[in-house]
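Colleague: Whenever a hint applies, use it, and build me the whole structure from the sequences.
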Amino acid sequence: AQTIHQWPVAEIKAVGSPLSLGCTIKGKSSPNLYWYWQATGGTLQQLFYSITVGQVESVVQLNLSASRPKDDQFILSTEKLLLSHSGFYLCAWSPGLGPGQLYFGEGSKLTVL
Amino acid sequence: QQQVRQSPQSLTVWEGETAILNCSYENSAFDYFPWYQQFPGEGPALLIAIRSVSDKKEDGRFTIFFNKREKKLSLHITDSQPGDSATYFCAAISPSSFSKLVFGQGTSLSVVP
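As they're listed, the protein sequences go chains W and X.
Per my numbering, the first sequence starts with residue 1, numbered consecutively.
Per my numbering, the second sequence starts with residue 1, numbered consecutively.
Source of the hints: derived by calculation from the structure; they are not laboratory data.
Treat each hint with caution, since some may be false.
Said to hold, decoys possible - According to the in silico footprint, chain W covers these stretches of chain X (three or more CB under 8 Å from chain W): (1) 31-42; (2) 45-59.
Stated by the list, open to error - Distance condition first, Cα-Cα at most 30 Å in a straight line; then the derived BS3-like pairs of lysine-lysine: (3) X:Lys72 - X:Lys100; (4) W:Lys80 - X:Lys71; (5) W:Lys80 - W:Lys70; (6) W:Lys26 - W:Lys13; (7) X:Lys57 - W:Lys28; (8) X:Lys100 - X:Lys68; (9) W:Lys28 - X:Lys100; (10) W:Lys70 - W:Lys109; (11) X:Lys56 - X:Lys72; (12) X:Lys100 - W:Lys26; (13) X:Lys71 - X:Lys100; (14) X:Lys71 - X:Lys57; (15) W:Lys28 - W:Lys109; (16) X:Lys100 - X:Lys56; (17) X:Lys68 - X:Lys56; (18) X:Lys71 - X:Lys56; (19) X:Lys100 - W:Lys70; (20) X:Lys100 - W:Lys109.
Stated by the list, open to error - Here are the simulated distance ranges between beta carbons: (21) X:Pro113 - W:Ser20: 42 to 48 Å; (22) W:Trp7 - X:Lys72: 35 to 41 Å; (23) X:Pro8 - W:Thr40: 15 to 21 Å.
In this text, a Cβ means the ideal position worked out from N, Cα and C, and glycines have one as well.
Modeller: So, in structure tokens, the structure goes:
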């Protein structure tokens, strides 16, 4: 069975500090991977997607970047956090070509002060 | 511009009643509509989905009704249970934009015992 794990579970960071969030998928080779952002009580906004190692496409520019260093790993990062970066970050994978059927991780809650 | 709209924003029903969650969309190219269920502090989980060639999809107590002409769909939850209390997101995707799943704002459902 496929499993998806995100880390860290929660972070409290200062404005201007760097950030790195990670996601690992086990049990599925060459998955399509996605990063979503969710404001508290809000909708899900797709940030990035990747269909293969080393290739990442940006959907929305939020002063964030993403990388896929390994087939089963997806990293979200920024060098300088903004207050607006606070929220819930969700990694997801899909078995097919598109994200119609998404499987989400547990999420990482980020609070920027 | 919100491409997928949901109503009501929040809904409270008694245990055993039928909850009706509404969704409408603007892009006539959307052809696949998944619904996701999200509990607080967790990632969303795929609940049920429908393709635009169908007008109804059933899965246990959950049924999607789809009206392509009016660009509307609804999720009916029959015999609602307190465990159904969650936020429900309607989403949509088109073949021409296979990498992007567009989510609605969500409906927060509370089922009162």
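Colleague: Is the gap between the beta carbons of Pro8 of chain X and Thr40 of chain W within 15 to 21 Å?
Modeller: Given about 19 Å between the Cβ atoms, the range holds.
Colleague: For the pair supplied as a hint, Lys80 of chain W and Lys70 of chain W, confirm whether the alpha-carbon distance does not exceed 30 Å.
Modeller: Given that 30 Å is the threshold and the Cα spacing comes to 24 Å, the pair holds.
Colleague: CA of Lys26 of chain W to CA of Lys13 of chain W, is that 30 Å or under?
Modeller: Distance ~29 Å between Lys26 of chain W and Lys13 of chain W Cα, so the pair holds.
Colleague: Does the alpha-carbon distance linking Lys100 of chain X and Lys109 of chain W stay inside the 30 Å limit?
Modeller: holds (23 Å)
Colleague: Lys28 of chain W and Lys109 of chain W were given as a pair; does the straight-line alpha-carbon distance stay at or below 30 Å?
Modeller: holds (25 Å)
Colleague: Within 35 to 41 Å: is that where the Cβ-Cβ distance between Trp7 of chain W and Lys72 of chain X falls?
Modeller: Between Trp7 of chain W and Lys72 of chain X, where Cβ atoms are some 40 Å apart, the hint holds.
Colleague: Hinted pair, alpha-carbon criterion (30 Å max): Lys100 of chain X, Lys70 of chain W. Please report holds or violated.
Modeller: holds (22 Å)
Colleague: Between Lys70 of chain W and Lys109 of chain W, does the CA-CA distance stay at or below 30 Å?
Modeller: Given that 30 Å is the threshold and the Cα spacing comes to 24 Å, the pair holds.
Colleague: Between Lys100 of chain X and Lys26 of chain W, is the straight-line Cα distance small enough, at 30 Å or below?
Modeller: holds (23 Å)
Colleague: Has the given pair, Lys71 of chain X with Lys56 of chain X, been kept, meaning a C-alpha gap of at most 30 Å?
Modeller: The given pair, whose Cα atoms are some 14 Å apart, holds under the 30 Å limit.
Colleague: Measure nothing beyond the straight line between the CA atoms of Lys68 of chain X and Lys56 of chain X; if it is 30 Å or shorter, mark the hint as holding.
Modeller: Holds - the C-alpha atoms of Lys56 of chain X and Lys68 of chain X are around 11 Å apart, at most 30 Å.
Colleague: What's the verdict on Lys72 of chain X and Lys100 of chain X, does the C-alpha distance respect the 30 Å limit or exceed it?
Modeller: holds (20 Å)
Against the hints set out earlier in the document, a violation occurs for number 4 only.
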